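Participant: So the chains spell out like this:
2 protein chains.
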Amino acid sequence: MKPDEFRQHAHEVVDWIADYLEHADRYPVCSRSRPGDLLNALPDAAPEEGEPMSRILADFERDIMPGITHWNHPRFFAYFPANNSGPSILGEMLSAGLGVNAMLWQTSPAATELEQRMMSWLGQLIGLPDGFHGVIHDTASTATFCALVCARERTTNFAINHSGLTGAAERGALRVYASREAHSSVLKGARLAGFGADHVVAVDIDAQRRMDAADLERRVTADREAGFVPCAVVATVGTTGCTAIDPLTAIAPVARRHRLWLHVDAALAGTAAILPEMRWILDGVAGADSLVFNPHKWLLTNFDCSAFYVRDPDHLQRTMSIHPEYLKTTRDAEVVNYMDWGMQLGRRFRALKLWFVLRSYGAQQLREMVAGHLALARAFAALVEADPEWELLAPVPLNTVCFRWRPAGLVDADTLNERNAALMARVNLDGVIYLTHTKLDDTTTLRLSVGQRATGPEHVQQAWDALRAGARALSGKDADEDA
Amino acid sequence: MKPDEFRQHAHEVVDWIADYLEHADRYPVCSRSRPGDLLNALPDAAPEEGEPMSRILADFERDIMPGITHWNHPRFFAYFPANNSGPSILGEMLSAGLGVNAMLWQTSPAATELEQRMMSWLGQLIGLPDGFHGVIHDTASTATFCALVCARERTTNFAINHSGLTGAAERGALRVYASREAHSSVLKGARLAGFGADHVVAVDIDAQRRMDAADLERRVTADREAGFVPCAVVATVGTTGCTAIDPLTAIAPVARRHRLWLHVDAALAGTAAILPEMRWILDGVAGADSLVFNPHKWLLTNFDCSAFYVRDPDHLQRTMSIHPEYLKTTRDAEVVNYMDWGMQLGRRFRALKLWFVLRSYGAQQLREMVAGHLALARAFAALVEADPEWELLAPVPLNTVCFRWRPAGLVDADTLNERNAALMARVNLDGVIYLTHTKLDDTTTLRLSVGQRATGPEHVQQAWDALRAGARALSGKDADEDA
Chain Y
34 MKPDEFRQHA HEVVDWIADY LEHADRYPVC SRSRPGDLLN ALPDAAPEEG EPMSRILADF
94 ERDIMPGITH WNHPRFFAYF PANNSGPSIL GEMLSAGLGV NAMLWQTSPA ATELEQRMMS
154 WLGQLIGLPD GFHGVIHDTA STATFCALVC ARERTTNFAI NHSGLTGAAE RGALRVYASR
214 EAHSSVLKGA RLAGFGADHV VAVDIDAQRR MDAADLERRV TADREAGFVP CAVVATVGTT
274 GCTAIDPLTA IAPVARRHRL WLHVDAALAG TAAILPEMRW ILDGVAGADS LVFNPHKWLL
334 TNFDCSAFYV RDPDHLQRTM SIHPEYLKTT RDAEVVNYMD WGMQLGRRFR ALKLWFVLRS
394 YGAQQLREMV AGHLALARAF AALVEADPEW ELLAPVPLNT VCFRWRPAGL VDADTLNERN
454 AALMARVNLD GVIYLTHTKL DDTTTLRLSV GQRATGPEHV QQAWDALRAG ARALSGKDAD
514 EDA
Chain C
34 MKPDEFRQHA HEVVDWIADY LEHADRYPVC SRSRPGDLLN ALPDAAPEEG EPMSRILADF
94 ERDIMPGITH WNHPRFFAYF PANNSGPSIL GEMLSAGLGV NAMLWQTSPA ATELEQRMMS
154 WLGQLIGLPD GFHGVIHDTA STATFCALVC ARERTTNFAI NHSGLTGAAE RGALRVYASR
214 EAHSSVLKGA RLAGFGADHV VAVDIDAQRR MDAADLERRV TADREAGFVP CAVVATVGTT
274 GCTAIDPLTA IAPVARRHRL WLHVDAALAG TAAILPEMRW ILDGVAGADS LVFNPHKWLL
334 TNFDCSAFYV RDPDHLQRTM SIHPEYLKTT RDAEVVNYMD WGMQLGRRFR ALKLWFVLRS
394 YGAQQLREMV AGHLALARAF AALVEADPEW ELLAPVPLNT VCFRWRPAGL VDADTLNERN
454 AALMARVNLD GVIYLTHTKL DDTTTLRLSV GQRATGPEHV QQAWDALRAG ARALSGKDAD
514 EDA
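Just so you know, the sequences run in chain order Y and C.
As numbered in the working numbering, the first sequence has no gaps in its residue numbers, which increase by one up to the final residue, 516.
As numbered in the working numbering, the second sequence has no gaps in its residue numbers, which increase by one up to the final residue, 516.
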């Protein structure tokens, strides 16, 4: 592609993106595609001859867009948010244009040093105490996996890195502790790192679904007596199900007493700690060995951008680093080479978009955005609470409301679960909003998670209206069927 | 940032990128930054108030650009290439604008189905036999790690996923085989997955640094007799040191006989197989269980985009997948959910840029580019061979030339190593070219790897001129010192 062609089409693409950012709300939030729609529309093989970009862009609009679920739609309330923003997109554009690999300091010093500085800025913004050192990972899954590997190697004095599975057997199985509300990435990471699912111990939770630190202590003690080797505990600040906040102040002393690696998964909720009034969610974090939170979720920074902090970067590097001759540089003794801080060798220049976001908005506007989302979640919770046909199913400490429809007179648990699943399917298909579910115990629970850039009070009201209209329509259908 | 502001600045950024793509050769290839240059230039904390984008973009130019090593410079000959292109950047821009997460089919059906189709297109382009199923990973490090975990679980019938390290001990240590020229990611992946470095067995190589399949057979047999459990072999098609090509036709039967998982690391070289005359490098791949190659290296697709193929996607999914309630959708039985095909949950929409590249260039232009790079590498090798003061240190089957300066009369091995290290440092500092080194046995080896989008004959000639000028200057300095 000639430079002029790039220039022409890139300007077209910019206008397309600018329009999209402004008018994403014209699309149904969740794609209405059926399986195979796109697969069947695409040729079986790559073309032999190049095609004009104008045709490719037209096909993008015609074939791809109907299959997009609009994560940056103001009425996207599913999962947890993954918001982007103008400044972040500009950073991504420049990063794509440069195409550098930030594996070593030398392979782009600015990429490494900007990452160091951005991790420091972010740490300060969320009130992380001194002594944490940060690196950008792709996802919290990867960061949590790395934390568990670090724990494994600290507990065994690098025996597994050196001698593998066999060496470890003599000392009994290593165990990882997390509440049963912890994210699936904890179990996944523990499996990948060789702990085994049987050795991921589910710690009891309290009525608010927070880890019970006393139960952690009991289980660790019992396991030690039974010959197991307690190794790590993952505390979740803002669980995926209902944003429960495990009490770090109670968990950290247990971890210290039993020499457990304490990893804090604050993937979503870490961002909330930029608000002074929410800083409490990280109380006790000084006792943690590592923490992850995702600016790509709720801090206007494009996916992927996951901030991983460790207390002891030497240990992280000793766990991760391998130095073949072809990766050595004369600067290695003086600089940070981030390839040694994670599992991947190649690394995108992700600090750039974060720099653009933090400077363009400034801390104040970011705090206002987060405070606004928290207020919207509380407002929605108040609507639910005020209506006798609906109920809240968990406290709302953050941006996510767990609730369900509870029509008058309906008490059967299975029927309630079915009704709520049907309601969710219906409103998602309508396309006005998109929200997802979880189960709290055995209760099908609708989740409304507020966190998109453009989400305002009117969108939350529309969500409430759409849910009630959906419920009315389902009730009418029930009445028809009863008749 | 208001939509109009985004639009204005994005148009500026596009012009900047278009200029950069055209004139990257105005910069010194390798950054001349010294450690701390950028770190010290940046404020200690994020700003409280937002700043205008015009100031941020000006700072980008002033503070970031001097710290950039220009991977897409036509005279970038270091490491392996990581080229980008106009169509790929357009794809990245749209992907950033949409900001979707391709973790589940439902979270953007088009992202999943385009990925399925692109993996099929790519597989056909490199002549992969039917029966391989592909997924995009971030890097080959991650893909190789996943392959090793799949091997671990196949050999142990999922015992490690279930019961972890302890369960495995009873059956003896699992072992991984690779030549000593294999990439560091093999050792790293084996450590992360709990095999332990002691159980990564270095298989002998032949004079061309290719794995000796007979030695593999011997070592596996001996290990089995010694009570070890041979588990996986990683064959490298295009080693990082000197692009040696392990013979899959000889390795695959050994793997089959001993029930080893055969993973093929073709991270760079896979791309060469789009040329019919280079298809031989993958001869025998039908016997592999998995393969990885990186369109982000040599196929004009922005980092990150690593194509991971497996024979048995059910096994991959059984190894990787965990299904918490909050990630279940009503479509799960009918569709591919790529979160189950790797370690990360969240996934960028990376298929888009690949679609743009494959359609915009078409197979023919991509083949012409690769063939051109191969010819340039051969031409450079011919220059080296024809000059008595220089020597080739390895065959040149692909795009990378291993060579050194060998001034007349100089025979001491250490001195030759020092001279070549000094030469490399000098030419890299000059900034006309950038190349890196390795050691082949104990010999410091310069590597010139051709693969950037804009690299032509004149750039390879300039590399040769820069190297000879550097050598002359060093010789002059020696003569001065001797005088």
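Hints were generated in silico from the structure; no laboratory data involved.
Among the hints, erroneous ones may be present.
Chain copies aren't distinguished; within one or between two, either way the pair holds.
Said to hold, decoys possible - Straight-line distance between alpha carbons at most 25 Å, and here's what the computed SDA-like set of lysine to any residue pairs gives:
hint, residue 1, residue 2
1, Lys510, Pro68
2, Lys35, Leu407
3, Lys510, Thr362
4, Lys510, Asn450
5, Lys472, Asp52
6, Lys35, Asp498
7, Lys510, Glu258
8, Lys361, Arg351
9, Lys361, Ala235
10, Lys35, Trp49
11, Lys35, Pro286
12, Lys361, Val234
13, Lys510, Gly489
Remember, predicted model here, so these are calculated numbers, not experimental data.
Participant: Now tell me if each hint is right for this structure.
Facilitator: Going through the hints against the structure:
no.	hint	verdict
1	Lys510 / Pro68	neither (27 Å within a copy, 69 Å between copies)
2	Lys35 / Leu407	between (48 Å within a copy, 22 Å between copies)
3	Lys510 / Thr362	between (70 Å within a copy, 24 Å between copies)
4	Lys510 / Asn450	within (17 Å within a copy, 83 Å between copies)
5	Lys472 / Asp52	neither (38 Å within a copy, 53 Å between copies)
6	Lys35 / Asp498	neither (51 Å within a copy, 28 Å between copies)
7	Lys510 / Glu258	neither (59 Å within a copy, 70 Å between copies)
8	Lys361 / Arg351	within (16 Å within a copy, 38 Å between copies)
9	Lys361 / Ala235	between (43 Å within a copy, 21 Å between copies)
10	Lys35 / Trp49	both (21 Å within a copy, 15 Å between copies)
11	Lys35 / Pro286	neither (62 Å within a copy, 47 Å between copies)
12	Lys361 / Val234	between (41 Å within a copy, 23 Å between copies)
13	Lys510 / Gly489	neither (32 Å within a copy, 70 Å between copies)
Going through the hint list in order, the structure does not satisfy hints 1, 5, 6, 7, 11 and 13.
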